[in-house]
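Chemist: Going line by line, the protein sequences match chains A and B. The first sequence: position 49 = 580 (this note's numbering), numbered continuously. The second sequence: position 27 = 33 (this note's numbering), numbered continuously.
Each hint should be verified, as a subset may be incorrect.
Said to hold, decoys possible - Ranges between beta-carbon positions, derived for each pair:
#1 B:Glu59 / A:Ser564: 20 to 30 Å
#2 B:Arg82 / A:Gly627: 28 to 38 Å
#3 B:Pro124 / A:Arg569: 21 to 31 Å
#4 A:Asn597 / B:Glu59: 44 to 54 Å
Hint data in this document are derived by calculation from the structure and do not stem from the laboratory. Computed from a predicted structure; not experimentally measured. From the three backbone atoms N, C-alpha and C, an ideal C-beta is built for every residue, glycine too.
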Amino acid sequence: MTSRDQQIIGNTNSFNSFNSLNLTSTTNFISESDDEGRQILQWLSPLEPQQRHQGVRSDRLNSVGNWVQETSEFRKWRGAEDGSVEPVLFCYGNPGVGKTYVR
Amino acid sequence: MGGDVAVVGIYCDFHAGQEQSTANILGAMLKQLASRGGISKLIRETFKKAKKEFGGRGLQLQDMLNIVKKTITSLRRLFICIDALDECTPKNRRELIESLREIVRVLPGARVFLTGRPHIDGEIVTCFSRTLRIPLSPTHRDIMTYLERRLDSDTDPKAMDDELRADIMRIIPEKISDM
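Pulled out of the complex, with its shape left as it was, chain A reads as follows (with noise of 0.2 Å):
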């Protein structure tokens, strides 16, 4: 990991460091007395993405599928933070290669 990814991590609430905490689900962080919260949350979405992370984090395994993030093109992808490089990045492959399993 290098440490520009460190600094992104440590700055972010991200969606893997926060599946670290083991939540499972995004209503957690809803205090106890937040009924309406609860129900603003279910309201927005009842797609529930956490759970399927929490599966495949838990499955995957550590330096598989590392050298992805080492191609010049998630390099470029990943720096620039203005419209001057494409935002899309698009990982492709058949059925069965691993795509949800890259880190």
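Assemble chain B onto chain A, guided by the hints.
Modeler: This is chain B only, laid out in the frame that chain A set:
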């Protein structure tokens, strides 16, 4: 707030059905953003209004997208990761890609990471003509690392010997490279 970075993630799934509407996908992004910054006044008020006027029905895509666009203005960077975009319906894919284009217009520091099968490339390009691409397939090293880890965590180590292990480490990578 000018230095804030957020990461949101979505997993698409063939089996998700109606629930996986574009509005719900954007709503799931908002939930993740709320988990770091709290539920905004805008969202609370929109909820109250929806409850009173529409019996609490979910928001339409355009209304949801407007909330997303307002919510992200406080961010410097936003990383949106969407796994298996090809597992959305074609209609939802188009709506989602167009929504992403709107999001990037509002926040030039936004970055979108997509995975999917190659056939959706043309749909992405309609909105993002200079899309960066990485073809994914496991490298030889990925396969070797994976096998080693799996063998090391074998729940029945007595069934393994050096010869069998060597055969596995030789034959499986060969078979995969033939595929």
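Chemist: Hint numbers the structure violates, sorted upward?
Modeler: 3
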